[in-house]
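Using the sequences and the hints given, assemble the complete structure.
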Amino acid sequence: MSNRKLVFVTGNKNKLREVQKILSDENLTSSKIEVTSMDLDVPEVQGSTQDVAREKVKAAALAVNGPCMTEDTALCFKAMGGLPELRNFDGSLLGPYIKWFLKSLGLEGLNKMLSGFENKEATAICTFAYCEGPGKEVILFEGITEGQIVLPRGPTDFGWDPIFEVKGTGLTYAEMGGDQKNTLSHRSKALQKLSQHFA
1 MSNRKLVFVT
11 GNKNKLREVQ
21 KILSDENLTS
31 SKIEVTSMDL
41 DVPEVQGSTQ
51 DVAREKVKAA
61 ALAVNGPCMT
71 EDTALCFKAM
81 GGLPELRNFD
91 GSLLGPYIKW
101 FLKSLGLEGL
111 NKMLSGFENK
121 EATAICTFAY
131 CEGPGKEVIL
141 FEGITEGQIV
151 LPRGPTDFGW
161 DPIFEVKGTG
171 LTYAEMGGDQ
181 KNTLSHRSKA
191 LQKLSQHFA
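Residue numbers for the sequence shown follow UniProt numbering, beginning at 1 and rising by one.
One or more of the hints may lead you astray.
Label pairs and their calculated CB-CB ranges [unchecked claim]:
| hint | residue 1 | residue 2 | range |
| --- | --- | --- | --- |
| 1 | Lys112 | Glu26 | 39 to 49 Å |
| 2 | Lys167 | Lys193 | 13 to 23 Å |
| 3 | Gly168 | Asn14 | 38 to 48 Å |
With a straight-line cut-off of 20 Å between C-alpha atoms, the simulated PhoX-like cross-links for lysine-lysine are [said to hold, decoys possible]:
| hint | residue 1 | residue 2 |
| --- | --- | --- |
| 4 | Lys167 | Lys189 |
| 5 | Lys78 | Lys99 |
| 6 | Lys103 | Lys13 |
| 7 | Lys5 | Lys193 |
| 8 | Lys78 | Lys167 |
| 9 | Lys112 | Lys78 |
| 10 | Lys112 | Lys136 |
| 11 | Lys167 | Lys5 |
| 12 | Lys112 | Lys13 |
| 13 | Lys193 | Lys15 |
| 14 | Lys5 | Lys58 |
| 15 | Lys120 | Lys167 |
| 16 | Lys136 | Lys120 |
| 17 | Lys32 | Lys167 |
| 18 | Lys58 | Lys78 |
The hints are simulated quantities; they were obtained by calculation from the structure and are not laboratory data.
Backbone N, C-alpha and C define an ideal beta-carbon position, used for all residues, glycine too.
In structure tokens, the structure reads:
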């Protein structure tokens, strides 16, 4: 198992803790990656999770002057054609807006957005972008988890975890223990791909 050090550009302590736990778990990953964080103010372009993560890591690689990664996450409501992400005419995602919807509406408000729809299905998408340094190629790793939007259940200290019930489990991310969430989450799936890349 190879060892690697990597800077994760984020100011979100919950994300950092989760990423460190996933990448240090030999049952989940195929290469050991030691993750430190740096809180940088990097621009967030409007676009898909891939576009946002790619542009963030390019700016971060310049600031860090070395290997780093960034992440962008989306939660898409199927009843609304993928909102709070927007979709292009070809069905591709246009913009990850869940952070702003959550800040403006809260968990209850996000749930109420679907009150007029029978379909409560949702897709959680996580995209990690990795770059060796300034001017180097950007590599993307994406993880997707299917589920549905429910009334908030469990602790409310980590984003939209209390309203996203993972398909087939009957549990929201917030109701799961860290180990269970880390085997099923969109973030874990993306990080497992990143780990395989370095194996």
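*Are the Cα atoms of Lys167 and Lys189 separated by 20 Å or less?*
holds (15 Å)
*Taking only the CA atoms, is the gap from Lys103 to Lys13 under or equal to 20 Å?*
holds (17 Å)
*Keeping to a limit of 20 Å between CA atoms, is the pair of Lys193 and Lys15 held or broken?*
holds (17 Å)
*Given hint Lys167 paired with Lys32 - CA-CA distance at most 20 Å*: violated (29 Å)
_Satisfaction of hint between Lys78 and Lys112, Cα-Cα up to 20 Å_ = Measuring from Cα to Cα gives roughly 14 Å; hence the hint holds.
_Straight-line alpha-carbon gap Lys58 to Lys78, limit 20 Å_ = violated (31 Å)
*asked:* Need the status of pair Lys5, Lys58: alpha-carbon distance at most 20 Å?
replied: The given pair, whose Cα atoms are some 18 Å apart, holds under the 20 Å limit.
*Has the given pair, Lys167 with Lys5, been kept, meaning a C-alpha gap of at most 20 Å?*
violated (34 Å)
*Are the Cα atoms of Lys112 and Lys13 separated by 20 Å or less?*
The hint is violated at about 28 Å.
_Given hint Lys99 paired with Lys78 - CA-CA distance at most 20 Å_ = Between Lys78 and Lys99 the Cα gap is close to 17 Å, so the pair holds against 20 Å.
*Keeping to a limit of 20 Å between CA atoms, is the pair of Lys136 and Lys120 held or broken?*
Since the Cα atoms of Lys136 and Lys120 sit roughly 41 Å apart, the hinted pair is violated (cutoff 20 Å).
*asked:* What's the verdict on Lys120 and Lys167, does the C-alpha distance respect the 20 Å limit or exceed it?
replied: The hint holds at about 11 Å.
Hint check: violations occur at hints 3, 10, 11, 12, 16, 17 and 18; the rest are consistent with the structure.
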